[in-house]
Amino acid sequence: MVRIFGPLVGLFFAAALFWCFGNGAVQYLTAPAAKTAESLFHKHPHEDFKLASDGVFGRFDRAQLQRGFAVYQQVCSNCHGLKYVSFRDLKDLGYSDPEVKAIAKQWANKAPTLDEKTGDKATRDNLPADHFPAVYYAGQGNPPDLSLITKARHGGAAYVYSLLTGYSDQPAKLLKRFPDAKTPNGLYYNPYFANLNLAMPAPLTSDGQVTYSDGTKATVPQMAKDVSAFLTWTAEPKLEKRKQVGLAVVLYLLAATALAYMAYRNVWAGKKH
Amino acid sequence: MSFPWAQEYKPSHPFMQYLDEKLPLPRFVYNAVGAGYPVPRNLNYFWNFGVLAGFCLVLQIVTGIILAMHYAGDAKLAFASTEHIMRDVNFGWMLRYMHANGASAFFVVIYAHIFRGFYFSSYKAPREMIWLIGVAIFLAMMATAFMGYVLPWGQMSFWGAQVITGLFSAVPLVGESLHTWLLGGFSPDNATLNRFFSLHFLLPFVIAALIILHIWALHIPGSSNPTGVDVKTESDTVPFHPYYTAKDGFGLGVFLIIYTSVVFFAPDQLGHPDNYIPANPLQTPAHIVPEWYFWPFYAILRAFTFDFLFIPAKLMGVLAMFSAILCWFFLPWLDTSPVRSGHYRPLFRKFFWALVVDAAILGYCGGSPAEEPFVMISQLAAMYYFLHFLVILPIVSSIEKPEPLPFSITEAVLGKDDKAVLTPHHAPAPSAA
Ligand code: HEM
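As given, the protein sequences belong to chains L and E, one line each in that order. Mapping of the first sequence onto our numbering: residues 1 to 273, in sequence order. Mapping of the second sequence onto our numbering: residues 274 to 706, in sequence order.
Please keep in mind that the hints were generated in silico from the structure rather than gathered at the bench. The hints are all genuine.
Cβ pair distances, simulated, as ranges: (1) V26/L / V444/E: 22 to 32 Å; (2) I493/E / E38/L: 58 to 68 Å; (3) I485/E / Q244/L: 33 to 43 Å; (4) A108/L / I338/E: 38 to 48 Å; (5) T211/L / L472/E: 50 to 60 Å; (6) I530/E / A134/L: 40 to 50 Å; (7) A633/E / D125/L: 51 to 61 Å; (8) L254/L / V302/E: 26 to 36 Å.
Once the Cα atoms are required to be at most 27 Å apart in a straight line, the calculated DSSO-like pairs of lysine-lysine come out as: (9) K83/L / K241/L; (10) K217/L / K91/L; (11) K238/L / K349/E; (12) K91/L / K241/L; (13) K101/L / K241/L; (14) K241/L / K151/L; (15) K121/L / K349/E; (16) K238/L / K105/L; (17) K110/L / K349/E; (18) K105/L / K83/L; (19) K243/L / K151/L; (20) K83/L / K349/E; (21) K91/L / K101/L; (22) K151/L / K50/L; (23) K271/L / K283/E; (24) K151/L / K238/L; (25) K50/L / K91/L; (26) K151/L / K349/E.
Bear in mind that the values here come from a model prediction, so they are computed numbers and not experimental data. Even glycine gets a Cβ: it sits at the ideal position worked out from N, Cα and C.
The following block holds chain L by itself, in its conformation from the complex:
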């Protein structure tokens, strides 16, 4: 039975697949998929982008994270939230308790409150235990929450950096080949963005836009790099700990496995197999 029906079923599927393949091939040869502006002009993130936190021995550069936080605070936080991060998490960046308290208290975007008795809405100062408050953006487009952005995009921090530094005019070649692909009003051309035009105006435009307290010169690439590093931390505050624990675990396992190998050789000694 199996040896009769089996081959029949096999030939049935093979025939159906051959039919699909034939039809697909005809379609492919007669009407090949047209090239799109995205397929020709989309750029991949800079591959040489490196952070101190990369690699097996990677550690966060605390000074850089603090600068990146300044960029977020002074620029990005106007449009983007950071809802999975709380103010007290900032202690990881090297801020002291009073500093964190002050940052939370002075945060321009206040925490919303609701009076249970009257139903009145009001605001209060943020506390260290609060998460960063939600940001409401009235302009065009929906700025995504940035807490996880470096994990939520191919290329991670390198992508964010490339996007922030990648704004340009639309190449003449593109417009010549795809006259309909002109960047629509209210959008901005950026070859690193998947469909080339996004609703975010270039957020980092001039040197010195952000005030750095550690004397580092706030060039555009520097600010872009710092904020990408900061967003790597927000996406995974436990990254450093993960690598530290990982090193200990792998070293331990290497030693244990070496012992296990010797035990195995010992048990099997003289037993051919």
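On the provided structure of chain L, position chain E with the ligand as indicated by the hints.
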């Protein structure tokens, strides 16, 4: 059960003797994975993967139960609760990475285990039942992993659930009702998430029960071996403990080194970035792809792009995808060669390697966008897949002339021994027809 020369459990401590009388659990363990289980002496490292798979299941259950203590199975909270696990729960990040990558490790191990079965035709008599239970375990694993991936309620969770449950709507006549019933709504939502969580919690224990049956069935004929020749004499075997506990212990160490390297140094490498975006029913991701271990089957599903003989393409795809696994159930009767091991089957061996390459190609296409040339390549690869199991294997097994087999395992290991004569007492284990 086992061979006549199996060592007998003889507890020396009075308490153990007492226990053996009232509840012979230690005896059971002794006979299952202790000195009481004689195993061929010539097993290679591919025989390590069964133990590793068992380890993975325990790992998933332990990490999963702790995750479930912190996870919220509610569409509004699920994503945030996973981030809570990653950020606020002590070592929650480690548990989650262990669990998510543990699923991948489990599938790596199980694929090695299954392909071991293909190459050494471990599915043949007298081990058909072990194989059949194994395929059932694999199906349950796929269901478990699919539902687990939905739990964090990211974009891929949601859209993966949308696509895969959508397959049921291809069923003629009742498809739409079946789909709505399975989801508890018209598209994945809270009801879906809740039932998936419940089933994701339950199925691993079903798998554990199936594994017990799998091992039980294994211990009737005992393990096969790389020569495929039946065990004949005591010198063909060694007691499982300490020989294979030691060997598997070393294998487990190597496995753990690789696994922890991924968990601690590249934990998101195997996942998809889109799953770090909260589920959004209004925004379809550019490419919906399942986890890597489903790619070959996903490629087969998507290979059916045109209706065939009035059967809608979608239905064909669903039928083919399930058949791609269901046909494994029939392997013991499709491959009728009396020789088990691929070592002695020159023609079969060539097709085996073709299957390995074919599966890799299918996997690659399944992970790529549904565009040409990937679709055409997966159509050809899927064609080979079905022909391999359903047409080529039956033909090869009838026309192939196998190479000569060693007389016994002992001979294969120690070289020819003229004194070795097969006495009637040691006739090969009866192989069920
Ligand atoms: C056959 C064994 C199992 C497999 C293959 C498996 C697979 C998976 C997968 C692929 C995920 C998604 C991971 C992610 O993206 O984070 C997941 C999540 C989850 N699993 Fe499992 N699992 C298994 C056993 C269990 C068990 C026994 C439990 C609990 C009793 C469990 C509880 C959970 C929970 C709570 C989540 C969601 C949290 C999270 O996303 O990390 N799993 N599982």
